[in-house]
Structure formats: structure tokens, C-alpha cells
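Colleague: Sequence:
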Amino acid sequence: MYRLKLSERSGIISSPHTMADSTPLLSQVPVSAPPDTSSNQDDKSPNVFSLDEIIEQTLGSFGWGQFLQALLVSLAWGFDAQQAFISVFTDALPLWHCTNNTTCKSTSKICEIPRSSWSWDGSASQSIISDWNLECASSFISGFPESSFFAGCLVGALSLATLADSAFGRKNLLLFSCLGMNIAALLTIFSTNVWIYSAFRFATGFGSAPIATCTVVLLTERVGTKWRGRVGVMASFGFGLGFLSLPAIAYISRGSSWKTLYLCTSISGILYCLLAYYFAYESPRWLLVQGREEEAIEILKRLSPRKKDSFDARISSLPKSEEDDDFFSAIKDLFRKRWALQRLLIVMVLSFSLGMMFYGIPLGIGDLGFNNIYLAVTFNALMEFPSYVITFFFLERANRRTSLLAFSMTSGICSIGCAIVHGSDMRGIQIGLELGAYFCVCAAYNVLLIYSMELFPTCVRNTAATMVEQSQVFGAIFSPMLISVSRGKESSSYGVFGAVIICCGFFVACLPETRGQTLCDTMGQQECKTRASTVLF
1 MYRLKLSERS GIISSPHTMA DSTPLLSQVP VSAPPDTSSN QDDKSPNVFS
51 LDEIIEQTLG SFGWGQFLQA LLVSLAWGFD AQQAFISVFT DALPLWHCTN
101 NTTCKSTSKI CEIPRSSWSW DGSASQSIIS DWNLECASSF ISGFPESSFF
151 AGCLVGALSL ATLADSAFGR KNLLLFSCLG MNIAALLTIF STNVWIYSAF
201 RFATGFGSAP IATCTVVLLT ERVGTKWRGR VGVMASFGFG LGFLSLPAIA
251 YISRGSSWKT LYLCTSISGI LYCLLAYYFA YESPRWLLVQ GREEEAIEIL
301 KRLSPRKKDS FDARISSLPK SEEDDDFFSA IKDLFRKRWA LQRLLIVMVL
351 SFSLGMMFYG IPLGIGDLGF NNIYLAVTFN ALMEFPSYVI TFFFLERANR
401 RTSLLAFSMT SGICSIGCAI VHGSDMRGIQ IGLELGAYFC VCAAYNVLLI
451 YSMELFPTCV RNTAATMVEQ SQVFGAIFSP MLISVSRGKE SSSYGVFGAV
501 IICCGFFVAC LPETRGQTLC DTMGQQECKT RASTVLF
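As numbered in my numbering, residues 1 to 537 make up the sequence shown, in order.
Among the clues, some could well be false.
[To be verified] No more than 20 angstroms apart at the CA atoms, straight line, and that leaves these computed lysine to aspartate or glutamate pairs for EDC-like:
1) Lys171 - Glu293
2) Lys259 - Asp121
3) Lys171 - Glu294
4) Lys109 - Asp121
5) Lys171 - Glu282
6) Lys301 - Glu282
7) Lys105 - Asp121
[Said to hold, decoys possible] What follows is a list of derived Cβ distance ranges for each label pair:
8) Ala167 - Asn372: 47 to 53 angstroms
9) Gly63 - Ile110: 54 to 60 angstroms
10) Phe168 - Gln517: 26 to 32 angstroms
11) Cys98 - Phe335: 55 to 61 angstroms
12) Leu382 - Ile252: 14 to 20 angstroms
13) Tyr277 - Ala509: 42 to 48 angstroms
14) Val485 - Asp121: 22 to 28 angstroms
15) Ala509 - Ser138: 40 to 46 angstroms
16) Thr192 - Glu294: 48 to 54 angstroms
17) Asn133 - Ala509: 48 to 54 angstroms
18) Ile141 - Leu275: 26 to 32 angstroms
FYI, nobody ran anything at the bench for these hints, they're computed from the structure. A quick note: this is a predicted structure, and the numbers were derived from the prediction, not measured. Beta carbons: idealized from backbone N, C-alpha and C, even for Gly.
Let the hints inform the model, and build the full structure from the sequences given.
Modeller: Here it is, written out as C-alpha cells:
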């Protein structure tokens with residue numbers, strides 16, 4: 001397998017004024033002649049561009065083709081959101097009522113009264129809790145299925161992360177993961193007990209592991225620097241759309257078996273995979289790094305807002321450099337370089353705290369006294385869209401590091417306030433703080449997605465972004481258990497969430513700023529850029 005080297009490889013593209021002539025879109029640069037010492041090079045090729053400038057010149061603006069591609073790819077993350085939060089409805093404790101007023105009172109705890117004295121409000125199959133008589137089960141058992149999902153995400157990330165940076169590619173891994181996730185979700189309807197159900201939830205999480213990072217990386221590598229942050233927010237918009245659609249589907253299917261919700265979400269996800277297989281494009285930047293110039297240029301032609309006839313049809317091969325690129329080469333590169341390892345550990349620590357809050361707040365919404373769970377989840381899902389608007393318009397105007405720190409601190413303060421303020425007379429303030437905490441953690445998550453992607457070069461970008469994403473999932477694993485343990489204890493879990501994110505948020509001050517900077521493609525190029533910025537600082 002081959003990879004671009006900064007010192008040996010560079011792309012050449014004709015200038016905007018000469019793109020219609022016979023100059024090839026990519027042409028060869030002699031390895032033996034450094035650009036500064038070649039006296040005749042300027043005469044032969046007056047406009048020489050790097051690989052990043054090739055992307056900038058062809059995809060610098062944002063056309064309808066790129067918009068439709070962004071919309072198509074971002075929908076994959078929506079199906080991931082549905083499977084991540086589906087347990088809010090399928091694993092919930094249903095409403096019940098007394099059937100014998102002598103031995104049962106509406107204020108009694110369900111496990112303290114005889115089973116013959118009460119009954120479920122709806123069908124016993126509406127939730128796994130009522131279907132398998134888990135209402136009095138331990139917090140470990142009731143939270144185990146959702147924790148299994150996040151554990152599957154963690155294992156899936158460790159197993160699949162490097163595939164997108166190897167010969168498998170971003171698009172193929174995205175579709176493979178999305179299809180596997182939805183097939184596992186479909187098979188979940190055949191569960192007969194909580195342990196089989198948890199196994200299928202683990203498989204679903206395993207498949208969903210690379211979806212988030214593949215979506216963001218695939219989209220941001222297909223646009224110029226100006227649109228990189230905004231397209232990343234569009235990817236997050238797909239997640240919010242999927243989250244928002246979940247309570248709507250659950251409300252329409254209310255009264256039905258919990259299996260109906262899995263059936264509806266998984267079948268639509270499988271149909272989406274078939275659509276994306278034929279119409280979604282691979283990352284041209286990744287194709288160029290892999291030495292597949294013909295495919296890359298063809299995609300650049302399709303995606304570029306410029307007229308297609310402005311591209312030269314001839315393609316000349318670039319010099320290739322053979323490197324050790326085994327299955328785990330991307331992970332090895334991240335751990336060999338001290339600067340890369342330091343960046344990776346810092347963003348993983350912050351991502352861990354964001355994961356606890358991002359998934360923990362919606363999963364624990366039932367403890368805040370909402371009488372209508374459908375409305376409660378809808379309110380939280382709606383909070384994602386203002387966060388997208390904020391990050392979409394201000395991400396390119398504000399520093400990544402400052403924005404991430406501000407959103408993280410504010411989210412933690414609101415979450416701690418949510419735990420402190422309690423009681424029926426303070427319910428409105430408590431819910432307002434909860435929505436504020438979720439809004440800020442969503443905004444912080446949006447910034448972190450773009451920030452972590454910009455911190456690493458193309459050759460390891462998806463691997464690094466996946467490890468950051470899965471540290472978030474690792475934090476999410478603790479959320480269901482923590483919520484189950486603190487159930488009935490005045491939302492104490494929100495206090496833990498807030499304290500963790502505040503402590504971890506300070507580490508972001510150790511990271512470099514990346515706003516407005518071009519993406520690097522090799523470890524050597526990124527290292528030279530890091531050294532240069534350190535000297536200037």
C-alpha cells in the first residue's frame with residue numbers, strides 16, 4: 001500500500017486561467033530536484049500546488065452537489081442516534097395503576113406491593129421491563145442492555161477504527177457499519193430475555209462504532225477550509241434529526257410492542273444503506289493519499305462547483321513511496337510521535353466527560369419529574385438544533401479551543417445546578433438548567449468533532465477521530481449504571497456529570513489552535529507544521 005510523503009510527493013494543478021488548456025490536472029514532480037533549486041521548473045510549470053491546494057482550488061466553494069452529498073452522508077448518523085437512544089422507550093418503566101385500593105396506593109413503590117394489586121396501563125409488551133417482569137430487578141440488570149450497547153461501540157472502535165485509513169476507505173466502512181448496525185437491531189426483535197437482548201444491543205453498538213467519525217471525516221475531507229467547520233456541523237445535524245425522529249416514531253407506535261420500534265428504525269436504516277451505496281462518493285483526499293489518482297480526479301469533477309469542461313481529462317501518475325502500512329500502522333503512528341500522543345490523550349479525556357453528559361442527560365430525563373416522556377425527549381432533541389445554528393455561524397469566527405472550553409464549563413455548571421435545585425416548586429428551573437446543560441454539551445460536542453479532526457493528518461485522521469469518539473462512548477457506558485444507581489435520589493447523577501466535565505475541560509488549554517489552518521496529509525507534514533508553530537510561539 002502506498003502513502004503520500006511531503007518530501008517526495010506533491011500535486012500540480014493548472015491555474016484558474018489555464019485550466020482549459022492541455023496542462024494535466026495532476027502532473028509529476030521530480031523527486032531529485034527540490035522546488036527551490038530547479039531553475040527551469042518555473043518556466044515549465046508556473047503554477048505548482050500542494051495536495052491541499054488541489055482540494056482548495058477544486059472544492060473551495062460549496063455547490064449543490066456538495067450539499068446533496070453532505071445531506072446524504074449525514075443521514076447515516078441519524079440512524080446511529082436512533083439506536084443510541086432507543087432504550088429511552090424500549091427499556092423504560094411503563095406507567096402502572098392500582099387494581100386493589102386496599103393493598104395498593106398510587107404513591108407506593110411498585111416493588112413494595114403485591115403483584116396482584118396493580119397492573120400496567122398499557123400492554124405488557126410495550127417495554128422489556130414489563131415484558132420480562134424486570135420492574136424489581138437490580139440497577140445492574142436494568143441498565144445492562146444500554147451499557148452493552150456502548151460497550152459494543154467501544155470494542156467496535158478498537159476493531160474497526162483503522163479500516164477507514166487503510167485500503168477499506170471512509171465510504172465503505174461507513175456503509176458496512178451502518179448496515180451491520182441495522183441488521184443487528186432488526187435481529188433484536190427475536191430476543192426472549194434480557195441477556196439475549198443485551199447481546200444484540202452489544203452487536204448493534206459494535207456496528208455503530210465508526211459511523212460518527214466516518215461521517216464527519218468523509219464530509220470535511222470533501223470541502224475546502226472555509227466550509228470545513230460548517231459541513232462538520234451539517235453532519236451533526238443528521239444526528240439531531242435522527243434523535244428528533246425517534247420520539248415521533250415511538251409516539252406513533254405507542255401501545256405496540258417494543259419490537260415495533262426496532263423494526264421501524266432498522267428497516268429504514270437498511271434501505272438507506274442501499275441508497276448511499278450507489279450515490280455517496282468516497283473522499284478524494286483519501287484516494288489521493290492512497291495513490292488512486294484517477295478515482296480521486298473523477299470525484300473532484302463531480303463534486304466541484306466549477307464547470308466540468310474546465311478540467312483536463314488527462315491524468316499523470318504521481319511518484320509513489322512504499323511504506324510499512326499494515327492494519328495497525330495508523331495506531332502505531334499515533335503512539336510513536338509524542339506530539340500526536342499528547343493531543344490524542346487530551347481530546348480523549350475531554351471526550352470521555354462529554355460522553356457521560358451527552359448520553360447521560362437524555363437517558364436520565366425520567367428522574368426530573370416529566371409526566372410525558374415523549375415530550376421530554378422531544379425537548380432535549382430540539383436543543384440540538386440551536387446548538388447547530390450557533391456552531392454553524394460562529395465556528396469560523398471563534399477559536400476552537402476557547403469555544404470548547406466555554407461550552408464545557410457552562411454545561412458543567414448547569415448540570416450541577418440541576419442537581420442542587422430540586423423540589424416540586426423548583427421543577428421549572430430544574431428543567432431549564434437541564435436543557436441548558438444539554439444545549440451546551442451538544443455545542444461542545446460539535447466543536448470537538450471538528451477540532452479533533454483538524455488536529456491530525458489524513459493518514460491517521462479517521463483512526464484518531466474514532467479513538468476520540470470511542471472515549472466518549474466509554475464515558476457513556478457509565479451513564480446508564482449511574483442513572484440506575486441514583487434513581488430516586490434527586491438527580492444526583494447530574495451533579496456527577498457536571499463535576500466530571502468541569503475537571504476534564506481544563507485540559508483543552510494544552511491543545512494548539514486550528515481555526516483557519518489547512519489540513520495536513522502526512523505525519524511528517526503535521527510534525528513540521530507543529531514545530532514551526534512552536535518556534536513562532
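Colleague: Hey, Lys301 versus Glu282, does the alpha-carbon distance stay inside 20 angstroms?
Modeller: 13 angstroms, holds
Colleague: Holds or violated: Lys105 with Asp121, Cα cutoff 20 angstroms?
Modeller: 15 angstroms, holds
Colleague: Sort out whether Asp121 lies within 20 angstroms of Lys109, counting only the CA atoms.
Modeller: The given pair, whose Cα atoms are some 16 angstroms apart, holds under the 20 angstroms limit.
Colleague: Honestly, do Asn133 and Ala509 meet the 48 to 54 angstroms range at C-beta?
Modeller: 51 angstroms, holds
Colleague: Hinted pair, alpha-carbon criterion (20 angstroms max): Lys171, Glu282. Please report holds or violated.
Modeller: 5 angstroms, holds
Colleague: Using the C-beta atoms of Cys98 and Phe335, is the stated range 55 to 61 angstroms upheld?
Modeller: 60 angstroms, holds
Colleague: Given the range 14 to 20 angstroms, decide if the beta-carbon distance of Leu382 to Ile252 lies inside it.
Modeller: Hint holds: Cβ distance 18 angstroms, inside 14 to 20 angstroms.
Colleague: Check the following: the C-beta atoms of Phe168 and Gln517 are separated by a distance inside 26 to 32 angstroms.
Modeller: 28 angstroms, holds
Colleague: State, for the Cβ atoms of Val485 and Asp121, whether the hinted interval 22 to 28 angstroms holds or is violated.
Modeller: Taking Cβ atoms as reference, Val485 and Asp121 lie about 26 angstroms apart, which means the hint holds.
Colleague: That 26 to 32 angstroms hint for Ile141 and Leu275 (C-beta), does it hold up?
Modeller: 38 angstroms, violated
Colleague: Is it true that the CA of Lys171 sits at most 20 angstroms from the CA of Glu293?
Modeller: 17 angstroms, holds
Colleague: For Ala167 and Asn372, compare the CB-CB distance with the range 47 to 53 angstroms and indicate the outcome.
Modeller: For Ala167 and Asn372 the Cβ distance comes to about 50 angstroms; the hint holds.
Violation of the numbered hints given earlier is confined to hint 18; every other hint is satisfied by the structure.
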